[in-house]
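Taken in order, these protein sequences are the chains called L and Y.
In terms of our numbering, the first sequence is residues 1 to 444.
In terms of our numbering, the second sequence is residues 1 to 334.
If you're looking for bench data, these hints aren't it; they were derived computationally from the structure.
Remember, predicted model here, so these are calculated numbers, not experimental data.
Any given hint could turn out to be false.
[Claimed, not checked] The calculated DSS-like cross-link candidates involving lysine-lysine, where the alpha carbons are at most 30 Å apart (straight line), are:
1. Lys218(Y) <-> Lys432(L)
2. Lys366(L) <-> Lys62(Y)
3. Lys217(L) <-> Lys197(L)
4. Lys283(L) <-> Lys58(L)
5. Lys164(Y) <-> Lys366(L)
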Amino acid sequence: MTDKPKTFPIGGIHIDKHKITSHKPIIDAGLPEFVYIPIKQHIGAPAKIMVKIGDKVKVGTLLADADGIVSSDIHSSVSGEVVKIDDIVNVDAYYSTMIVIKVEGDEYEASIDTTPSVIKKITAEKEDIIKIIRSSGIVGMGGAGYPTPIKAAIPEGKKVDTLILNGIECEAYLTADDRLMVEHSEEIVIGAQILAKALGVKNIVIAIDENKPEAIKKMQKASAEYKQISVIVCESKYPQGAEKQLIKTITGREVPSRKLPIDVKCIVQNVGTTFAVYEAVQKHKPLFERIVTVSGDDTAENPQNFRVRVGTPASFLIKKVTKHPSKISKVIFGGAMMGLSAVNMEAPITKLTSGILLFNTKDADKPRDSACIRCARCADICPMGLQPFAIATALRNHNLDDLPKLHTMDCIECGSCSYICPARIPLLDFCKLGKLEVRKSLKK
Amino acid sequence: MLKISTAPHLNAPQSTQSIMRDVIIALIPAGIVSVCVFGLSALIVILTSVAGCVAIEYFACKKLLHCPPTTWDLSAIVTGLLLAYNLPAGFPIWMTLIGCLVAVGLTKMTYGGIGKNIFNPALAGRVFLFISFPVEMTTWPRPHLFDFMNTDMQTGATTLGILKHLDAETSATALTHGSTSEQLPDYLNMFIGNIGGSLGEISTLALLLGFIYMLYRKIISWHIPVYYVGTFFVLTSIHWLITQSPQAEILTHLLSGGLMLGAIFMATDYTTSPMSKQGRIIFAVGCGILTYIIRFYSPYPEGVSFAILIMNGFVPLIDKISVPRVFGVRRKQW
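Same shape as in the complex, but just chain L (with noise of 0.2 Å):
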């Protein structure tokens, strides 16, 4: 690869990285004495709940099935005890309703197969594929989660030529992504194989962030032997991640305003996800852990990649990464740019948690603000290409009707804009609220 890197054309920023753990090699984090399981960890309804408190539950048990299309299976994570069925606070502070298990030794699912070899041969077929997706839960685990099956088949009339494989994890400190790619790239492919054969693509593209070398070896190495894969490197730029500027990158193709990936043939889908897809379809695995990356500058003695069951409390990994959890004093589920901040440590794990950031005092505090100074630079890193502060004065001075006009639903919440500013003006938050506005005056 001799090639420079390829990016998007239109804005981005770059991020100090802090990739303290890209080469920390993933450990299993162990089992918590109790894993609180939420029924919603998706995009859409919440599923329905198919156990009682009392029963006795297997790893891989389904304890909850998805409520309509737009929904998720939820599997049993370790084995126990079904003790509490309850709304407990989430880590966003809102209430969700979780299945709490005891933990009781770790008995797997018959079915599941959970011997080490790598089982490449793909005998399942295209309507079983998307039928084990959907039994087996799995979600887009890039943050976003999307139900995979949904996007791992085409619907009438649409036509997909490429399908991506998000391998690039533009945000700070996370490397779960990464990892995964250096210790298992022959799954991935495989994986990436088993989708391609659902959606009746040929062309696979995995994409991969210049700053993470040694995956692209390994992924390089791992889909040499098949034609149809190439693997592509990209400029280590935020959020070069997000799937419309991906599709860009790759393809050239812009997707329209307010249009989905697959109107302009493409289908992205994230690494982890794509782990998850083989390990269901080859080993009858449904999605019940994930790898979580946990880090932070100073706070953490010992930042490490996790495999992590889901509904792990977030207290358990981080009583494991240091021993003053006193200096620690702001949590981030997820990356620190995008990333919710949590009310509380007991906060579990989900499918869609890909780091728990530790922050101390210095780095939890965000500045005070002050007036903007017309510089510009929201509008110039903005990677959609909008102009944050328009938004941002437009909902100051209540002029509702110019949110439309300044094309505000098309933000992707990058946080670019926020994070750029130097008056520190909570620009993405306008930009939220502005979407808010805009979906209230549509409703009326």
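Chain Y: place on chain L using the hints.
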């Protein structure tokens, strides 16, 4: 208790204060040259102007706007430096203070302070002084390199002043034999700044150093200065090709007068320039055209301050017509 906040949880290292600090650093070389060339009288103007601007901003915040003083964003110091750089050495202190009052008090704080003014404060202050005190504003002490205690208040003309009064017939002799009372300095002196003029505008070298520093620190992009100077260069060259007039001697125009100071430090002011790349180009080209028109078709030898102030007035309009293209939207409706 955990602290919570909305995303993103990181901030770029640059803040308003650090940006202003970098602009001040970029302005230092030009200040040093002015003190080397004009001596203490230059330093007095600079210190008065900075102190005046900071004090006026502080009192405007405290007594008029009743808001926490914005002194620490350092923008008043930048305005003070830029105003001083637009004044001749030995300019009376009380007049400098009036300039500060117009610049910060009238042009900046009455609009609501930093980021809200329409016109560049330092330029507005300069133009006010220029119109009110034309004699003092055009009393240019002669350059005396490294003579810091220079008290010889003998005055001369600025390079552009000389150029303006050259005419085609006498030009050849004027340039070579010095038959007129004032002679054009050579290019080297113009480049390093050993010439008459306002404090900050004399040394192209010092201003270019500041420009390179600001580019390196990503404070400004190259667009406005390059398009501004480029437009002026093209128009003046065409003028020279057609008329062969010595007044259109392009290097003298580039190396002297307020063009470099204006293009690098004044036209690039965030608040009074457009928000999009396209808009900034329109703005800079407009500044270039106006500077050319004023320098060649008006009685003023200098046109930079007026050109930039006029274009400042067009910024809201330019912002309206130069909206960047939104991803996934074909440009059609403006």
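Taking the hints in turn, this is what the structure says about them:
Restraint check for Lys218(Y) and Lys432(L): satisfied, since their Cα atoms lie roughly 28 Å apart, inside the 30 Å limit. For a cut-off of 30 Å, the pair hint linking Lys366(L) to Lys62(Y) stands: about 26 Å separates their Cα positions. Taken as a hint, the Lys217(L) and Lys197(L) pair is honoured in the structure, with Cα atoms around 25 Å apart against an allowance of 30 Å. Restraint check for Lys283(L) and Lys58(L): the C-alpha separation of about 16 Å stays at or below 30 Å, so the hint holds.
Of the supplied pair hints, the one linking Lys164(Y) and Lys366(L) is violated, its CA atoms being roughly 55 Å apart against a limit of 30 Å.
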